[in-house]
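Protein chains: 2
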Amino acid sequence: MEGPNVDQDTDHIFLKQSVEEAYEGVDTKDGYPFGAVIVRDGEVVVSCHNMVRKNKDPTAHAEMTAIRMACEKLDTEKLSDCEIYASCEPCPMCFAAIQITGIKRLVYGARAEALTPMGYGNFISDALRGTTSFEKANLEIKQAEGDDAIMAEQALLSWPN
Amino acid sequence: MEGPNVDQDTDHIFLKQSVEEAYEGVDTKDGYPFGAVIVRDGEVVVSCHNMVRKNKDPTAHAEMTAIRMACEKLDTEKLSDCEIYASCEPCPMCFAAIQITGIKRLVYGARAEALTPMGYGNFISDALRGTTSFEKANLEIKQAEGDDAIMAEQALLSWPN
Chain V
1 MEGPNVDQDT DHIFLKQSVE EAYEGVDTKD GYPFGAVIVR DGEVVVSCHN
51 MVRKNKDPTA HAEMTAIRMA CEKLDTEKLS DCEIYASCEP CPMCFAAIQI
101 TGIKRLVYGA RAEALTPMGY GNFISDALRG TTSFEKANLE IKQAEGDDAI
151 MAEQALLSWP N
Chain W
162 MEGPNVDQDT DHIFLKQSVE EAYEGVDTKD GYPFGAVIVR DGEVVVSCHN
212 MVRKNKDPTA HAEMTAIRMA CEKLDTEKLS DCEIYASCEP CPMCFAAIQI
262 TGIKRLVYGA RAEALTPMGY GNFISDALRG TTSFEKANLE IKQAEGDDAI
312 MAEQALLSWP N
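Taken in sequence, the protein lines are chains V and W. This note's numbering applies: residue 1 is where the first sequence begins, and numbers increase by one. This note's numbering applies: residue 162 is where the second sequence begins, and numbers increase by one.
Hints were generated in silico from the structure; no laboratory data involved. Where hints are given, some of them may not hold.
Which chain V residues face chain W? A few, computed with CB under 8 Å, are given here [claimed, not checked]:
(1) Phe-14
(2) Lys-16
(3) Gly-42
(4) Glu-43
(5) Glu-72
(6) Lys-73
(7) Leu-74
(8) Asp-81
(9) Ala-97
(10) Ile-100
(11) Gly-109
(12) Gly-146
Heads up, simulated EDC-like pairs for lysine to aspartate or glutamate below, C-alpha to C-alpha not over 20 Å straight-line [claimed, not checked]:
(13) Lys-239/W to Asp-30/V
(14) Lys-265/W to Asp-172/W
(15) Lys-16/V to Asp-191/W
(16) Lys-104/V to Asp-41/V
(17) Lys-177/W to Asp-41/V
(18) Lys-215/W to Glu-238/W
(19) Lys-56/V to Glu-238/W
(20) Lys-215/W to Asp-172/W
(21) Lys-78/V to Asp-218/W
(22) Lys-265/W to Glu-204/W
From a predicted model like this one, the values you see are computed outputs, not experimental measurements. Virtual Cβ for every residue (Gly too), placed ideally from N, Cα, C.
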């Protein structure tokens, strides 16, 4: 009999799978302890973990990898009918990718602040919770002015139909 | 003779190249009108454009593609000695990837607001300029509580040395 805790139980199952992926990613030396599972209609589409170390690709976070694999598998650029389970609160890169692909629901486990001992807490939580990325970013940023700005903005008008 | 506008001229040259990439990406139907060039010590490391359409990969933005290619080419996960020239203000995903890889300087052309007609302006500028991504995100977000949160946070402790 389906009870009121069905969604809760389902969430637990998929979240647990994402956490198991996090451990597996470290065991296999593929990457860091993060896992992600993308689910559609209650079925797992892809289940994966951080691949940064194996792929030598700093963008190969668990959620990014899951999104890229899911889009390839489903032959789509949009994941509007999908949910993503992440073992940890997504970083701004992954969170933006989640938004870009229109994923309808995010369930995450660890809070970003749990990454503070590893030196990552502020990067994630600041960006997600209201401190401007630009203000906090430790790099020089220059916006083009004048003709260069016009040149660059005109390129956008070539947006394909 | 080198004058006071050398940096300015150099910036113009590489920014122009990124804008030319933006056009080429549309001409070749590889993607949308965005280009990116990564430079180290005044030399181009990689020059590329948005590959979303060709690769059917919604994460294959120009900057993301450039970062992944540069890391592969230089056999590194960090680009601390590099600058990135982007034809348009980077979206939050790309901006975070720029931060993650430690790129030391960003020069961009078009303002994010120039994307408003295409429906993207707010997504980028809100995230970068202080409105919390979470508050604006059009998706349901659930953070695990209790044992699930503990389970997920414990996984982070497996961080490899």
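For each hint, the structure was consulted:
Using the Cβ-Cβ criterion of 8 Å, the hint placing Phe-14/V at the interface with chain W is not satisfied: the shortest such distance is roughly 11 Å. Hint status for Lys-16/V relative to chain W: holds, with the closest Cβ pair at about 7 Å, below 8 Å. Below 8 Å, beta-carbon pairs count as interface contacts, and Gly-42/V has none with chain W, the closest being about 16 Å; its hint is therefore violated. Evaluation of the Glu-43/V hint against chain W yields a violated restraint, the C-beta minimum of about 19 Å exceeding 8 Å.
Among the interface hints, the one on Glu-72/V holds; its C-beta lies about 7 Å from the nearest C-beta in chain W, closer than the 8 Å criterion. Using the Cβ-Cβ criterion of 8 Å, the hint placing Lys-73/V at the interface with chain W is not satisfied: the shortest such distance is roughly 11 Å. Residue-level restraint check for Leu-74/V is violated (minimum Cβ-Cβ distance to chain W is 10 Å; threshold 8 Å). Nearest Cβ of chain W to the Cβ of Asp-81/V: about 12 Å, over the 8 Å cut. The hint is violated.
A hinted interface residue such as Ala-97/V counts as satisfied when its beta carbon comes closer than 8 Å to some beta carbon of chain W; here the least separation is about 5 Å, so the hint holds. At a threshold of 8 Å, the smallest CB-CB gap from Ile-100/V to chain W is about 5 Å, leaving the interface hint in force. Look at Gly-109/V: its Cβ gets to within about 2 Å of chain W, closer than 8 Å, so that hint holds up. At a threshold of 8 Å, the smallest CB-CB gap from Gly-146/V to chain W is about 10 Å, leaving the interface hint violated.
Note on Lys-239/W and Asp-30/V: the hinted pairing holds, with a Cα-Cα distance of about 17 Å set against a maximum of 20 Å. A threshold of 20 Å between alpha carbons decides the hint, and for Lys-265/W with Asp-172/W the separation of about 14 Å falls inside it, so the pair holds. Among the hinted pairs, Lys-16/V with Asp-191/W is inconsistent with the structure: their alpha-carbon atoms are about 38 Å apart, more than 20 Å. Between Lys-104/V and Asp-41/V, the direct Cα distance comes to roughly 12 Å. Compliance with the 20 Å bound is thereby established for this hinted pair.
Taking the CA atoms of Lys-177/W and Asp-41/V, the gap is about 46 Å. The hint is violated against a cut of 20 Å. With a C-alpha separation of about 25 Å, the suggested pair Lys-215/W and Glu-238/W falls outside the 20 Å cut-off, and the hint is violated. For the hint linking Lys-56/V to Glu-238/W, the alpha-carbon distance of about 6 Å falls within 20 Å, and the restraint holds. Simply put, Lys-215/W and Asp-172/W have alpha-carbon atoms about 29 Å apart, too far for the 20 Å limit, and the pair is violated.
Taking the CA atoms of Lys-78/V and Asp-218/W, the gap is about 10 Å. The hint holds against a cut of 20 Å. Taking the CA atoms of Lys-265/W and Glu-204/W, the gap is near 15 Å; set against the 20 Å cutoff, the hint holds.
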